[in-house]
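Enquirer: Chain by chain, the residues:
Number of protein chains: 2
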Amino acid sequence: MTATEPFRLTAAQAQAKFKDGSLTVEQYAKSLLHRVSTRDPTVHAWAYLDPDLVLEQARKLDRIPPEERGPLHGVAIGVKDVILTKDMPTQHNSPIYEDDAPRIDAASIMTLRANGALIFGKTTTTEFAATSVGPSHKGPKTANPHDPSRTPGGSSSGSGAAVGDMQVPIGLGTQTVGSTIRPGSFNGIYAMKPTWNSISREGQKLYSLIFDTLGLYARSVDDLQLLIDAFQLVDDGPEGHFAIKGAKFALVTLPTPEWPEPGPGTEAAMKKGAELLRAHGAMVEEITLPDEFRPMYKYHLQVLAGDGRVAFLPDYYQAKHHLHDSLIGHVENKDKHTRRDQLKAFDELAAMRPKMDVLADKYAAIIAPSALDEAPVGQGNTGSAAFCGPWTAMHMPVVNVPGFKGENGMPIGLSVVASRYRDQHLLRVCREVGKIFEAEGGWKRNL
Amino acid sequence: MTATEPFRLTAAQAQAKFKDGSLTVEQYAKSLLHRVSTRDPTVHAWAYLDPDLVLEQARKLDRIPPEERGPLHGVAIGVKDVILTKDMPTQHNSPIYEDDAPRIDAASIMTLRANGALIFGKTTTTEFAATSVGPSHKGPKTANPHDPSRTPGGSSSGSGAAVGDMQVPIGLGTQTVGSTIRPGSFNGIYAMKPTWNSISREGQKLYSLIFDTLGLYARSVDDLQLLIDAFQLVDDGPEGHFAIKGAKFALVTLPTPEWPEPGPGTEAAMKKGAELLRAHGAMVEEITLPDEFRPMYKYHLQVLAGDGRVAFLPDYYQAKHHLHDSLIGHVENKDKHTRRDQLKAFDELAAMRPKMDVLADKYAAIIAPSALDEAPVGQGNTGSAAFCGPWTAMHMPVVNVPGFKGENGMPIGLSVVASRYRDQHLLRVCREVGKIFEAEGGWKRNL
Numbered sequence: 001m002t003a004t005e006p007f008r009l010t011a012a013q014a015q016a017k018f019k020d021g022s023l024t025v026e027q028y029a030k031s032l033l034h035r036v037s038t039r040d041p042t043v044h045a046w047a048y049l050d051p052d053l054v055l056e057q058a059r060k061l062d063r064i065p066p067e068e069r070g071p072l073h074g075v076a077i078g079v080k081d082v083i084l085t086k087d088m089p090t091q092h093n094s095p096i097y098e099d100d101a102p103r104i105d106a107a108s109i110m111t112l113r114a115n116g117a118l119i120f121g122k123t124t125t126t127e128f129a130a131t132s133v134g135p136s137h138k139g140p141k142t143a144n145p146h147d148p149s150r151t152p153g154g155s156s157s158g159s160g161a162a163v164g165d166m167q168v169p170i171g172l173g174t175q176t177v178g179s180t181i182r183p184g185s186f187n188g189i190y191a192m193k194p195t196w197n198s199i200s201r202e203g204q205k206l207y208s209l210i211f212d213t214l215g216l217y218a219r220s221v222d223d224l225q226l227l228i229d230a231f232q233l234v235d236d237g238p239e240g241h242f243a244i245k246g247a248k249f250a251l252v253t254l255p256t257p258e259w260p261e262p263g264p265g266t267e268a269a270m271k272k273g274a275e276l277l278r279a280h281g282a283m284v285e286e287i288t289l290p291d292e293f294r295p296m297y298k299y300h301l302q303v304l305a306g307d308g309r310v311a312f313l314p315d316y317y318q319a320k321h322h323l324h325d326s327l328i329g330h331v332e333n334k335d336k337h338t339r340r341d342q343l344k345a346f347d348e349l350a351a352m353r354p355k356m357d358v359l360a361d362k363y364a365a366i367i368a369p370s371a372l373d374e375a376p377v378g379q380g381n382t383g384s385a386a387f388c389g390p391w392t393a394m395h396m397p398v399v400n401v402p403g404f405k406g407e408n409g410m411p412i413g414l415s416v417v418a419s420r421y422r423d424q425h426l427l428r429v430c431r432e433v434g435k436i437f438e439a440e441g442g443w444k445r446n447l
Numbered sequence: 001m002t003a004t005e006p007f008r009l010t011a012a013q014a015q016a017k018f019k020d021g022s023l024t025v026e027q028y029a030k031s032l033l034h035r036v037s038t039r040d041p042t043v044h045a046w047a048y049l050d051p052d053l054v055l056e057q058a059r060k061l062d063r064i065p066p067e068e069r070g071p072l073h074g075v076a077i078g079v080k081d082v083i084l085t086k087d088m089p090t091q092h093n094s095p096i097y098e099d100d101a102p103r104i105d106a107a108s109i110m111t112l113r114a115n116g117a118l119i120f121g122k123t124t125t126t127e128f129a130a131t132s133v134g135p136s137h138k139g140p141k142t143a144n145p146h147d148p149s150r151t152p153g154g155s156s157s158g159s160g161a162a163v164g165d166m167q168v169p170i171g172l173g174t175q176t177v178g179s180t181i182r183p184g185s186f187n188g189i190y191a192m193k194p195t196w197n198s199i200s201r202e203g204q205k206l207y208s209l210i211f212d213t214l215g216l217y218a219r220s221v222d223d224l225q226l227l228i229d230a231f232q233l234v235d236d237g238p239e240g241h242f243a244i245k246g247a248k249f250a251l252v253t254l255p256t257p258e259w260p261e262p263g264p265g266t267e268a269a270m271k272k273g274a275e276l277l278r279a280h281g282a283m284v285e286e287i288t289l290p291d292e293f294r295p296m297y298k299y300h301l302q303v304l305a306g307d308g309r310v311a312f313l314p315d316y317y318q319a320k321h322h323l324h325d326s327l328i329g330h331v332e333n334k335d336k337h338t339r340r341d342q343l344k345a346f347d348e349l350a351a352m353r354p355k356m357d358v359l360a361d362k363y364a365a366i367i368a369p370s371a372l373d374e375a376p377v378g379q380g381n382t383g384s385a386a387f388c389g390p391w392t393a394m395h396m397p398v399v400n401v402p403g404f405k406g407e408n409g410m411p412i413g414l415s416v417v418a419s420r421y422r423d424q425h426l427l428r429v430c431r432e433v434g435k436i437f438e439a440e441g442g443w444k445r446n447l
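So the sequences go chain by chain: A and B.
So the first sequence is numbered by full-length UniProt numbering: it starts at 1 and just counts up by one.
So the second sequence is numbered by full-length UniProt numbering: it starts at 1 and just counts up by one.
One or more hints might be untrue.
Since the list gives no way to pick one copy over another, a pair counts as held whenever it fits inside one copy or between any two copies.
[Claimed, not checked] Listed below are the simulated BS3-like cross-link pairs for lysine-lysine, each with C-alpha atoms no more than 30 Å apart in a straight line:
#1 Lys60 with Lys320
#2 Lys86 with Lys355
#3 Lys355 with Lys344
#4 Lys336 with Lys362
#5 Lys19 with Lys320
#6 Lys344 with Lys248
#7 Lys30 with Lys245
Keep in mind that the hints were calculated from the coordinates and are not lab data.
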């Protein structure tokens with residue numbers, strides 16, 4: 001048996017090899033670049049990737065003396081192309097920004113670089129991370145690595161696909177409704193949307209101030225841990241080890257007709273997830289989100305319309321003819337939202353947040369669907385974000401935990417959710433839940 | 001009598017001359033530049049100003065055929081140096097960003113340029129618009145144009161001073177507590193903080209997502225009107241002409257000891273403002289903000305601490321030794337705010353907003369103090385923002401209307417406040433209130 005090819009390593013595993021001297025960042029980067037060159041002609045995950053720049057950065061990292069290396073030393077990160085990077089273009093999958101390359105790093109990129117990360121390239125996105133039309137606007141669209149006839153989801157399409165395809169261990173996404181969690185489920189990877197505003201969103205294309213959140217992709221909880229520690233996400237008070245045995249979970253379904261019905265794959269994953277947790281000694285209470293939360297999705301979309309009206313006005317002035325119809329609709333307020341309705345939606349969502357925290361705090365975590373079903377066929381539409389909306393609107397941290405599969409063998413994950421600012425607790429829970437779902441859920445990465 | 005020197009014109013007045021052909025944008029820009037060259041060695045309002053770039057842009061605007069000119073054609077705008085401009089550096093008054101010049105426009109700048117504005121230069125700011133230490137970190141500090149021994153206020157120090165000094169008709173500021181309104185009062189100009197999130201904050205240095213707002217400076221309500229129309233601020237439903245006679249105002253004082261006592265100048269301005277409105281036929285009801293709003297200032301500062309912790313983390317990683325102690329304190333959470341307290345503050349402020357709207361909607365507008373008193377002596381400290389905090393925390397639109405004077409003859413303005421998304425209504429009110437305060441308040445610009 002040969003040694004694992006470096007591209008297959010998680011970031012934490014690669015770091016162990018950097019530490020014991022059995023792998024350099026340059027060798028690692030070369031393995032990732034080779035993976036990209038063989039796989040990406042099918043997947044199309046990258047909006048920009050300069051191998052020379054990657055190798056130059058990698059060599060620079062190798063030259064840092066071991067005692068001066070940062071906590072993210074050599075961790076290779078694909079960056080959604082709505083996040084500014086000072087050494088690469090940021091194009092938003094919009095003709096308005098083709099080849100645009102401002103010399104500035106987003107706040108998240110500054111933090112990652114300061115911790116030693118290797119900023120690898122820019123990954124594809126739907127237009128401004130604000131439509132459900134699969135990227136790219138020119139050339140072939142991004143494909144699901146597990147079945148290229150299917151979508152990888154969106155709007156963080158490229159980051160989800162690249163991490164799922166082992167072209168890079170870590171990806172950055174964004175989420176305004178379900179743009180991080182949905183691709184997580186479709187690509188069979190861990191996806192984390194931390195508590196709103198717990199990581200600076202500066203330098204990340206704006207859609208909604210009150211919803212937009214940086215998203216994190218990885219193939220292990222250890223890798224997510226590396227990231228949230230670098231971003232200094234801290235809960236109140238220390239907590240000990242988390243054990244599944246004796247823990248209480250809520251298995252949450254969302255009330256219809258406000259939300260759609262889950263497909264058979266998601267329904268089976270929810271059932272199996274509950275069975276597995278129970279088999280390992282947990283209590284699982286099945287609940288439907290209480291009635292007071294029913295208007296949440298309507299409010300979410302209403303606030304989003306008002307926010308989109310503000311966010312896309314400059315682009316509209318710049319080049320209306322280059323904007324997607326839905327964005328023009330926001331700016332022109334085609335749905336005739338009133339300010340009164342917009343404020344009511346904003347205020348009612350705000351009033352729901354502490355109530356939802358109280359509900360969540362009764363459990364170790366809430367388990368909920370991540371997506372309607374496995375990734376649909378076709379790359380033009382990235383699928384429904386409806387199931388991800390509640391936790392985005394409520395500002396709660398969510399992790400998509402992979403492990404299940406749909407009727408066509410495609411990956412399906414479940415959302416594990418905690419109350420606001422319990423991101424560290426949530427990862428402790430997901431570490432244990434993930435062990436079980438990955439081992440016994442029925443889906444295996446086969447790439 | 002000679003014709004008015006062009007630099008003395010408001011933006012709307014200058015536009016009338018562009019239109020009738022009696023003034024070109026280039027001639028106008030030359031007059032402003034001349035004003036800068038004679039006055040700014042005393043005032044120090046500019047962090048960056050390139051006369052050649054200004055004239056080049058002005059000539060370009062003059063070449064646009066009249067029928068293709070934008071609504072802000074030739075309107076010269078000073079931009080606070082925490083707002084990104086693609087053709088000028090953005091330095092945040094921080095050594096970390098000295099000479100930093102990312103090639104990107106903030107959303108607000110994109111909109112202004114698309115409407116024909118002349119982006120004039122970058123105005124001084126306190127460090128990251130987040131301290132009360134008067135700019136600049138190197139060289140002389142920005143002075144109040146009406147008395148250079150005094151502060152122009154902050155954090156939008158340079159924009160307030162430059163507009164007050166007629167070096168430029170329009171300035172952009174930002175406000176997180178009182179960074180736009182306070183300099184408005186100190187410099188004797190109109191200052192507007194629109195409804196939160198009614199103008200895109202993208203590309204403006206982040207301090208707090210939930211409070212930061214772009215601010216607008218001008219020497220007339222007509223000029224503010226030009227700006228908010230370009231930014232497409234729209235109220236619900238059309239409203240007719242506003243008349244002072246028969247209108248009802250609230251003269252609001254804030255409960256102590258949560259807020260400080262106003263100084264004699266502000267107290268006199270409040271008294272005189274009420275008298276003048278009554279003399280013109282308005283009803284003025286004197287109220288103190290109800291008790292349920294008492295914790296507002298404490299909550300505001302608490303949320304700000306949590307937000308600062310996130311916003312300045314990247315700069316902290318980059319160069320902690322270059323950060324002001326208060327910002328290091330945010331990142332290191334020196335005051336030991338818990339997540340629980342932070343969420344309580346965030347949620348309670350959210351719950352107050354609809355209640356404050358109800359209170360405001362009983363009146364044509366709320367009249368409140370803008371600052372403790374006239375601008376204090378010394379340029380090192382920009383003064384207290386306490387009186388501006390409530391309306392920032394409540395997301396309400398506010399205009400500082402000038403017209404009064406303090407014991408030392410310095411200008412004092414009053415805040416005129418409306419409920420959220422009534423920005424157009426607020427300007428209609430301020431147009432009439434401003435006529436009275438400017439004519440009869442007792443202070444005259446003498447520069």
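Enquirer: Treating 30 Å as the Cα threshold, decide for Lys30 and Lys245: within, between, both or neither.
Expert: Cα proximity of Lys30 and Lys245: none, with 43 Å in one copy and 77 Å across.
Enquirer: Measure nothing new, just compare the shortest in-copy and cross-copy C-alpha distances for Lys86 and Lys355 to 30 Å and report within, between, both or neither.
Expert: neither (41 Å within a copy, 44 Å between copies)
Enquirer: As a check of your reading, is Lys344 near Lys248 (CA-CA no more than 30 Å) within one copy, between copies, both or neither?
Expert: This pair counts as between: shortest inter-copy Cα distance 26 Å, intra-copy 34 Å.
Enquirer: Give the relationship of Lys336 and Lys362 under a CA distance limit of 30 Å: within one copy only, between copies only, both, or neither.
Expert: Result: close only across copies, 26 Å inter versus 40 Å intra.
Enquirer: Using 30 Å as the alpha carbon limit, work out where Lys60 and Lys320 are close: within a copy, between copies, both or neither.
Expert: Answer is between: at 23 Å across copies they meet the 30 Å cutoff, but 42 Å inside does not.
Enquirer: Classify it for me, Lys355 with Lys344: is the Cα-Cα distance of at most 30 Å met within a copy, between copies, both or neither?
Expert: So Lys355 and Lys344 pass the 30 Å test inside a copy (17 Å) and across (12 Å) alike.
Enquirer: Go through the copies and call it for Lys19 and Lys320: within, between, both or neither, with a Cα cutoff of 30 Å.
Expert: between (51 Å within a copy, 27 Å between copies)
When held up to the earlier numbered hints, the structure conflicts with 2, 7 and fits the remainder.
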